[in-house]
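Novice: Sequence:
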Amino acid sequence: MTIDKTWVGFVFGLVMPIITTLLFFKFAYHGRLPFFDFLAQMMEIRGVGMLLAVSCLPNLAVFTLFAYTDRLKVSRGLFLSTLIYAFAIVIVKFVF
Numbered sequence: 001m002t003i004d005k006t007w008v009g010f011v012f013g014l015v016m017p018i019i020t021t022l023l024f025f026k027f028a029y030h031g032r033l034p035f036f037d038f039l040a041q042m043m044e045i046r047g048v049g050m051l052l053a054v055s056c057l058p059n060l061a062v063f064t065l066f067a068y069t070d071r072l073k074v075s076r077g078l079f080l081s082t083l084i085y086a087f088a089i090v091i092v093k094f095v096f
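The numbers in the sequence shown follow the numbering used here, run straight up by one, and end at 96.
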């Protein structure tokens, strides 16, 4: 069974930034405040766009890994999901 499917990369690309955000919260704040308070604080300091951008960085590493190993359909799915995040980042940066 091969994992070279576009939907695999798409789902992986959508989930990876969420996991990265949770890890950032866990290691940066050590549970000092609840997660939703953390998000509210990020909204107050207008840092949600930056948080989204930083949480998408692992997608770049995974994209490079899959592209280098000729799993181009997975890379395509990762690219598409990262474009969705990029669109969300632009909206957050200019609207909020």
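Just so you know, these hints were derived from the structure itself, not from any lab. Fair warning: there could be bad hints in the mix.
Label pairs and their computed distance ranges (CB to CB) [stated by the list, open to error]: (1) Arg32 / Tyr68: 20 to 30 Å; (2) Ala67 / His30: 34 to 44 Å; (3) Ile3 / Gln41: 15 to 25 Å; (4) Thr69 / Gly47: 26 to 36 Å; (5) Leu83 / Tyr29: 24 to 34 Å; (6) Pro58 / Arg32: 22 to 32 Å; (7) His30 / Ile3: 26 to 36 Å; (8) Phe96 / Lys5: 18 to 28 Å; (9) Pro34 / Leu72: 36 to 46 Å.
Each residue gets a CB set at the ideal place from its N, CA and C atoms; glycine is no exception.
Novice: So, for every hint listed, does it hold in this structure?
Specialist: Each hint, compared with the structure:
{"no.": "1", "hint": "Arg32 / Tyr68: 20 to 30 Å", "in the structure": "violated, 39 Å"}
{"no.": "2", "hint": "Ala67 / His30: 34 to 44 Å", "in the structure": "holds, 36 Å"}
{"no.": "3", "hint": "Ile3 / Gln41: 15 to 25 Å", "in the structure": "violated, 38 Å"}
{"no.": "4", "hint": "Thr69 / Gly47: 26 to 36 Å", "in the structure": "holds, 35 Å"}
{"no.": "5", "hint": "Leu83 / Tyr29: 24 to 34 Å", "in the structure": "holds, 29 Å"}
{"no.": "6", "hint": "Pro58 / Arg32: 22 to 32 Å", "in the structure": "holds, 24 Å"}
{"no.": "7", "hint": "His30 / Ile3: 26 to 36 Å", "in the structure": "holds, 35 Å"}
{"no.": "8", "hint": "Phe96 / Lys5: 18 to 28 Å", "in the structure": "violated, 35 Å"}
{"no.": "9", "hint": "Pro34 / Leu72: 36 to 46 Å", "in the structure": "holds, 41 Å"}
In this structure, the earlier hints numbered 1, 3 and 8 are contradicted, and the remaining ones agree with it.
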